[in-house]
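J.: Sequence:
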Amino acid sequence: MSITSTLQNQHRHCDQYLAQAESAARAAQWARCREASAEFIQATEAHFALEEDALFPAFEQASGLIGGPTQVMRQEHAQARELMRALQEAAVRQDTDDYLGCAETLLLLLQQHNMKEENILYPMCDRSIPDFAAQLG
1 MSITSTLQNQ HRHCDQYLAQ AESAARAAQW ARCREASAEF IQATEAHFAL
51 EEDALFPAFE QASGLIGGPT QVMRQEHAQA RELMRALQEA AVRQDTDDYL
101 GCAETLLLLL QQHNMKEENI LYPMCDRSIP DFAAQLG
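Numbered according to full-length UniProt numbering, the sequence shown spans residues 1 to 137.
Just so you know, nobody snuck in bad clues.
Straight line, CA to CA, 20 Å or less: simulated DMTMM-like cross-link-like pairs of lysine to aspartate or glutamate:
| hint | residue 1 | residue 2 |
| --- | --- | --- |
| 1 | LYS116 | GLU60 |
| 2 | LYS116 | ASP15 |
| 3 | LYS116 | GLU104 |
| 4 | LYS116 | GLU76 |
The calculated label-pair distances, taken between Cβ atoms and stated as ranges, are:
| hint | residue 1 | residue 2 | range |
| --- | --- | --- | --- |
| 5 | GLU45 | ARG93 | 19 to 25 Å |
| 6 | ASP126 | GLU89 | 34 to 40 Å |
| 7 | ASP126 | THR96 | 38 to 44 Å |
| 8 | THR105 | GLY67 | 24 to 30 Å |
| 9 | ASP131 | ARG26 | 42 to 48 Å |
| 10 | ARG12 | ALA49 | 14 to 20 Å |
I should point out that these hints are in silico values taken from the structure, not numbers from a laboratory. Positions of the beta carbon are idealized from the N, C-alpha and C atoms, including for glycine.
Throw the hints in and build the complete structure from the sequences for me.
T.: Okay, here's the thing in structure tokens:
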């Protein structure tokens, strides 16, 4: 599998957790919402760590593009982390409106972010560091 297809699958996996959490919040099933939110955050943080700790440095070294697209992705990860914290807090407070507002904002951010990665950065990585795909399993 390519870097693009493998990491695109991870994006979809994370999206499923967020959808489950949002559905639970709408139904006021707060224990399930907190559980699905935690699963979403754990999967998303693992994905971010793979990118920030391994993929981005390998790409930057191979391409010489330091401070370019990977820097933008890191900044967007930081924005997503802030929203994930707010999401968790809303779930703890059992605040449906706040939770759904945070989830909607986070979903929009991640959709735009993932499109950039899937259509621009990952294909660049596939070309620059094709052997990296083997590290993804």
